[in-house]
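S.K.: Each chain, letter by letter, is given below.
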Amino acid sequence: MVPAMQVTLLFFAAARERAGTSKETLELPEGATASQAKARALELHPALAPLGPQLRVAVDQAFAEGDAPLREGSEVALIPPVSGGCS
Amino acid sequence: MVPAMQVTLLFFAAARERAGTSKETLELPEGATASQAKARALELHPALAPLGPQLRVAVDQAFAEGDAPLREGSEVALIPPVSGGCS
Amino acid sequence: MSHRVSAMALSLEAAQAEVFGNDCGASVDFVGSVRDNTRGKPVVALEYEAYEPMALAIFCEIETSAKARWPGVRLAIHHRTGRLPPGEVSVVIAAASPHRSDAFEACRFAIEALKKDAPIWKRELYPDGSSWVGLGS
Amino acid sequence: MSHRVSAMALSLEAAQAEVFGNDCGASVDFVGSVRDNTRGKPVVALEYEAYEPMALAIFCEIETSAKARWPGVRLAIHHRTGRLPPGEVSVVIAAASPHRSDAFEACRFAIEALKKDAPIWKRELYPDGSSWVGLGS
Numbered sequence: 001m002v003p004a005m006q007v008t009l010l011f012f013a014a015a016r017e018r019a020g021t022s023k024e025t026l027e028l029p030e031g032a033t034a035s036q037a038k039a040r041a042l043e044l045h046p047a048l049a050p051l052g053p054q055l056r057v058a059v060d061q062a063f064a065e066g067d068a069p070l071r072e073g074s075e076v077a078l079i080p081p082v083s084g085g086c087s
Numbered sequence: 088m089v090p091a092m093q094v095t096l097l098f099f100a101a102a103r104e105r106a107g108t109s110k111e112t113l114e115l116p117e118g119a120t121a122s123q124a125k126a127r128a129l130e131l132h133p134a135l136a137p138l139g140p141q142l143r144v145a146v147d148q149a150f151a152e153g154d155a156p157l158r159e160g161s162e163v164a165l166i167p168p169v170s171g172g173c174s
Numbered sequence: 175m176s177h178r179v180s181a182m183a184l185s186l187e188a189a190q191a192e193v194f195g196n197d198c199g200a201s202v203d204f205v206g207s208v209r210d211n212t213r214g215k216p217v218v219a220l221e222y223e224a225y226e227p228m229a230l231a232i233f234c235e236i237e238t239s240a241k242a243r244w245p246g247v248r249l250a251i252h253h254r255t256g257r258l259p260p261g262e263v264s265v266v267i268a269a270a271s272p273h274r275s276d277a278f279e280a281c282r283f284a285i286e287a288l289k290k291d292a293p294i295w296k297r298e299l300y301p302d303g304s305s306w307v308g309l310g311s
Numbered sequence: 312m313s314h315r316v317s318a319m320a321l322s323l324e325a326a327q328a329e330v331f332g333n334d335c336g337a338s339v340d341f342v343g344s345v346r347d348n349t350r351g352k353p354v355v356a357l358e359y360e361a362y363e364p365m366a367l368a369i370f371c372e373i374e375t376s377a378k379a380r381w382p383g384v385r386l387a388i389h390h391r392t393g394r395l396p397p398g399e400v401s402v403v404i405a406a407a408s409p410h411r412s413d414a415f416e417a418c419r420f421a422i423e424a425l426k427k428d429a430p431i432w433k434r435e436l437y438p439d440g441s442s443w444v445g446l447g448s
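Sequence lines, in order, name chains B, E, F and X. In terms of the numbering used here, the first sequence is residues 1 to 87. In terms of the numbering used here, the second sequence is residues 88 to 174. In terms of the numbering used here, the third sequence is residues 175 to 311. In terms of the numbering used here, the fourth sequence is residues 312 to 448.
One thing to keep in mind: the hints can contain errors.
To be verified - Stretches of chain F that chain B covers, calculated by requiring three or more beta carbons in the stretch to come under 8 Å of a beta carbon on chain B:
no.: 1; segment: 185-197
no.: 2; segment: 204-211
no.: 3; segment: 225-235
no.: 4; segment: 268-279
Just so you know, these hints were derived from the structure itself, not from any lab. Backbone N, C-alpha and C define an ideal beta-carbon position, used for all residues, glycine too.
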């Protein structure tokens, strides 16, 4: 069995509402990637499905490619389409 | 003899310094134009000569074409190259 | 560090003062506020949410990119969060430069980059409901 | 009438407040100030002189042209006169619009038009003399 690691998963805005939480701890196999974390979050929170294709992933506060490797304690955020600025 | 009219002539910035005055009354023949007022000012103030080609003429607070007719009491300003704004 | 993401009210003068200096002839400042309508629909308020540390990191990246393109430019990016009624200021960006052209371009670049990449979201509150902006739904 | 030419100190907030409204999502403000040097030469102060009523008339024309090109834009143009040391603000232009792109373009248009046509002059004062700017001599 592959050793496990824990990462922190953050949800914002529409993703937070659909997941019903803003933060949770996710257990993943060691060497898991940003994409795998996102896929696991979508499995655990089926209500996120409609947002799925629009969610970008950030790792440790920077946008990450899908194959970016995670480490124990990584902060993984699901980023719905952003809308900062003004009206 | 053509009847005369009086216009007010205003000088600014480098033109004011060279003419040694900021305002004077100029007597011109009736029907004189903006160009004629400028030519007369250059005659009366030879020190303006180096600025001559760069001076625009305004009549009653708007830039005027050379052939714009003046009237009794017109306010004619000689406008050296402008440099408003910032550094 | 002259960037900010917080629920505190924003001040145009404060942002501008952070970038201004005697070597800078020009500053261009952008102020974005809550409009009282959107696509003809009345808006009661906007509610802004941010992933604050990442938003600040993005603001710093925007500043770094701007300085690379327009040397000598200084930027301050301030964004507000929370519930804001119409007329309230949600974002202020101040750009200063010795050259006015650079200040205009850097300020414009910063607001466009912020809208594209800063992890900040707004929800429009209407008399009869609300919706997150940008979901295309 | 939100334009001004006078020896009074300028306020960015005041200019911005004159154009801002709940129907305007964006304002872009330009602040021009006295730099401590020009072409590498130290500048002690700038001295601004204006043909005030005509400068105001030109500011109104600039506003009229801007409104024709960018409907819904509001402009305030404030210019200071007199002797200003480095760091002092000589001009503030505030442009507000429902659309940020229009606000940027109108603000830029206004400062370029002001520099081209407003009957305002400045003299640079150096430690060892002075000269009128723009005479090309």
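S.K.: Please go over all the hints and tell whether each is borne out by the structure.
M.R.: Okay, the hints, checked on the actual structure:
Counting residues of the segment 185-197 of chain F whose CB falls under 8 Å from any CB of chain B gives 0; the rule of at least 3 is not met. With 4 residues carrying a beta carbon less than 8 Å from a beta carbon of chain B, the segment 204-211 of chain F meets the three-residue requirement, and the given coverage holds. Here's how the segment 225-235 of chain F fares: 5 of its residues keep a CB closer than 8 Å to some CB of chain B, so the rule of at least three is met and the hint holds. For a cut-off of 8 Å, the count of residues in the segment 268-279 of chain F with a CB near a CB of chain B stands at 0, and the three-residue condition is violated.
Hints 1 and 4, counting from the list given before, are not met by this structure.
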